[in-house]
Structure formats: structure tokens, C-alpha cells
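**Q** Sequence:
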Amino acid sequence: NGIRKEITVPRTPQENGVAERMNRKIMEHARSMRIHSGLPLQFWAEALDTVIYLINSGPSSSLGGGIPEETWTRKE
Numbered sequence: 001n002g003i004r005k006e007i008t009v010p011r012t013p014q015e016n017g018v019a020e021r022m023n024r025k026i027m028e029h030a031r032s033m034r035i036h037s038g039l040p041l042q043f044w045a046e047a048l049d050t051v052i053y054l055i056n057s058g059p060s061s062s063l064g065g066g067i068p069e070e071t072w073t074r075k076e
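As numbered in this note's numbering, the sequence shown has no gaps in its residue numbers, which increase by one up to the final residue, 76.
The following label-pair restraints were derived from C-beta to C-beta distances:
#1 23 with 57: 15 to 25 Å
#2 3 with 54: 16 to 26 Å
#3 62 with 42: 27 to 37 Å
#4 4 with 67: 14 to 24 Å
#5 4 with 73: 17 to 27 Å
EDC-like mimics (lysine to aspartate or glutamate), calculated; alpha carbons at most 16 Å apart, straight line:
#6 25 with 49
#7 5 with 15
#8 5 with 20
Just so you know, these hints were derived from the structure itself, not from any lab. Just so it is clear, CB atoms sit at the ideal spot from N, CA and C, and this is done for glycine as well.
Given the sequences, and given the hints that come with them, work out the whole structure.
**A** Here's what the structure looks like:
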């Protein structure tokens, strides 16, 4: 299903490079979306949900061009 579980040492974010980069990307996009749309700070969670939805709805090179949502639900 494309999901891997990897164990890391606690309190060592440098071992979580891929996850940390994705979290940073998500937060940067959500912040940018909220600021450029003119929404007040209280809408940051909606911007975050939208960014995650968009990422999961688009093709992923790590899935060979597959769409994460389809891979997760096994639907096309």
C-alpha cells in the first residue's frame, strides 16, 4: 500500500528528514495560502486541511505518478 513504518530515536528530528520536510512544506503552503487569500489567522486550520487535500489528490513521484488518495483507498 506504499506505507512504511520506520522507527527512529526519540527527540532526533534529523532522523525524520522526509517527514520533517513534508511537514515544513505543508505548513509553508498553508501559511502562504492563508496570507495571500486575505483570510484571518483563525482560518489557518482550514488552509492546512486544504493543502493536505491538494497534496493527497495530486500525483506523487514516490508512487510512480499514482495519487495518494487512490493508493490509500485502493480506488481509481
